[in-house]
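Order-wise, the sequence lines are chains A and B. With the numbering used here, letter number 98 in the first sequence gets 98, and the count goes up by one each step, no holes. Position in the second sequence (from 1) plus 1000 gives the number in the numbering used here.
Everything labelled a hint here was simulated from the structure, so no lab data went into it. Built from N, CA and C at the ideal position, the CB exists for glycine as well. Mixed in with the good hints there might be a few duds.
[Stated by the list, open to error] Label-pair distances were calculated between CB atoms; the ranges are:
(1) A:Q192 to B:I1030: 35 to 41 Å
(2) B:G1185 to A:A188: 39 to 45 Å
(3) A:R263 to B:S1072: 23 to 29 Å
(4) A:R263 to B:L1021: 41 to 47 Å
(5) A:R63 to B:L1089: 41 to 47 Å
[Stated by the list, open to error] In silico DSS-like pairs for lysine-lysine, Cα to Cα no more than 27 Å straight-line:
(6) B:K1284 to B:K1272
(7) B:K1272 to A:K217
(8) A:K217 to B:K1284
(9) A:K144 to B:K1248
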Amino acid sequence: MTSSESHISKFNWRERAFPYLLVAPAVAVLLALSIYPLFYIIKISFQTGSGDAVRLSLANFTRLFSDSFFRDALLHTLIYATVALTFEFLIGFGLALLVDRPLRGRNVFRAVLLIPMMLPPVVVGVVWRLMFNPNFGAINGTLKSMGANTDSLTWTASPALALLSVIAVDVWQWTPFMFLILLAGLQAIPQQPYEAAMVDGANWRQTFFHVTLPLLKPAILIALLLRTMDLLRVFDQIFILTEGGPGFATETVSLYIYRAAFRFFDFGYAAAMSFVLLALTNAISYAYIRLLQRQETA
Amino acid sequence: MKTTASHARRSSLVRISRYALLVAAVVVAIAPVYWMLTISLKTEVDQFASPPRWFDFSPTLAHYIDAFSTRSFGSFLITSAIVAALSTLIAMTIGTLAAYALARFTWPKGLNRRLSLWILSTRMFPPIVTAVPLFLMMRDFRLLNTITSLVLVYTAFNLPFVVWMMVGFFRELPRELEEAAMVDGDSRLGALRRVVLPLAAPGLAATAVFCLIVSWNEFLLALVLTQTEAAMTLPVGIAGRVTQYEIKWGVMSAAGVVAMMPILVFALSVQKYLVRGLSLGAVKG
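Using the sequences plus the hints, can you model the full thing?
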């Protein structure tokens, strides 16, 4: 921020308090509804028992280590995040490269590809229940009409396919996000480095690895970080599609926290798990914020 | 001659396969949504037809009428609209004032920078993490099952986004404009209202639309905070029906189509700022 406001600081204290008054309501709302809940959750994560019998202990945290539901939920979350992120990035990047050249109808294409991403997650759940349904779903119906035997293809109802099915839905919905961010990144790359590479006689591969990728790195990192944060907290679509089932085959950490808190009313244990999830996403958001800061100063 | 001909043939092959891939992507993106639309318009006989009927069926509006006049989806729709509008309005007002202060004033020791990063960091909490304490807080304040609780929670959720976006938009405006207005006798707030806000109008509008989309789509916190029909938003209403054993698929789809329509209109209207909004201002597309 540059100077040029020195004349303002000459005014009296009311003038100087003015910016603080402007941010005060925002800070108050965030303290009450974001920061206070955070302390609240730390507090109850150390509590066991209820009513008058409530006492402080580490029991909720030690329980995490011996709870196979938690271990599975963590595993599902990590598989979900890794597989979805990989496919979303590769497909999204591929599409962005295809579109980042003179193309008739680019804007139409971009607008259409937005649709899955903007849909309410609950509607995405409904859409894919209609696609996956073994009786009248579009996928099995189409396969059957082509002569395939679909008896064992029950998608979200089958323990073996359920996790893959919900991952596929995520890839369907969020690949456009990768596509959009990476396309914007590609289009922000100036022409000169490409021209220089061409003068040097670089082939397609050399240009891609030595010009495009390095210049696209900030956009790639931002897209990956934002997406990872969202993937680690996934809840909505899985809740609609399977509610964590069949059995617990698609239960992620968020769904398990929900089950512990609002089915068993075990708030202390839910808080302890929330704490772990928060730590997991914090590392990533910290990296994201650092990156943003670097972008800003650059 | 021969090499140029084969070269031309190869490049047109590349072009055709490029378009083919893009068309395939469009079909994959659209077909599932279109399928829901057809289910919402089909009679039960057509819904269960095999092979699936993508185009040839006789459309009916019966499911829409069923959902919105005989069932409670009309009331869910109104709740959703009220919650989205109010929370957006409050977050925009509070957030824009804060953003203006952060973008325009000199703060001691880089305080404005630390403050805006702190504000941004509150946006990073996973919703399920705040869901448990917010549920307990709202229970203590007897605000469960009220629209007020949702408006409060969504305001807090959208606020960091508004601040972060509007700081970016304000910084793009030359500060000489409002200084000129102040020399002409306007107060700070007068200059903000008469000069800065009109110039930032496209940014304000885009930011507000993003808030509307987020509030309209939000599911988890609404699920946790409202259990009575009177306070349910559309996503919670739909979810409550989907997870029951006997599902009316036509009604479900009709509700889904109605929940999706305003979002599509909104999304198209902010296309220009979409990348910027999605990356919290980090990538200016």
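Is the hinted range of 41 to 47 Å satisfied by the C-beta distance from R63 of chain A to L1089 of chain B?
About 44 Å separates the Cβ atoms of R63 of chain A and L1089 of chain B, which means 41 to 47 Å holds.
Regarding the pair K1284 of chain B and K1272 of chain B, is the alpha-carbon distance no greater than 27 Å?
10 Å, holds
Cβ-Cβ distance between R263 of chain A and L1021 of chain B: within 41 to 47 Å?
45 Å, holds
What's the verdict on K217 of chain A and K1284 of chain B, does the C-alpha distance respect the 27 Å limit or exceed it?
15 Å, holds
Please check whether Q192 of chain A and I1030 of chain B have a Cβ separation lying inside 35 to 41 Å.
Check passed, 38 Å falls within 35 to 41 Å.
Is K1272 of chain B within 27 Å of K217 of chain A, Cα to Cα?
23 Å, holds
Does the Cβ distance between G1185 of chain B and A188 of chain A fall inside 39 to 45 Å?
The hinted range 39 to 45 Å holds for G1185 of chain B and A188 of chain A, with Cβ atoms some 42 Å apart.
Would you mind confirming whether the straight-line C-alpha gap from K144 of chain A to K1248 of chain B stays at or under 27 Å?
The hint holds at about 24 Å.
Range hint 23 to 29 Å (beta carbons of R263 of chain A and S1072 of chain B) holds or violated:
Given about 24 Å between the Cβ atoms, the range holds.
In terms of the numbered hints stated before, the structure departs from none.
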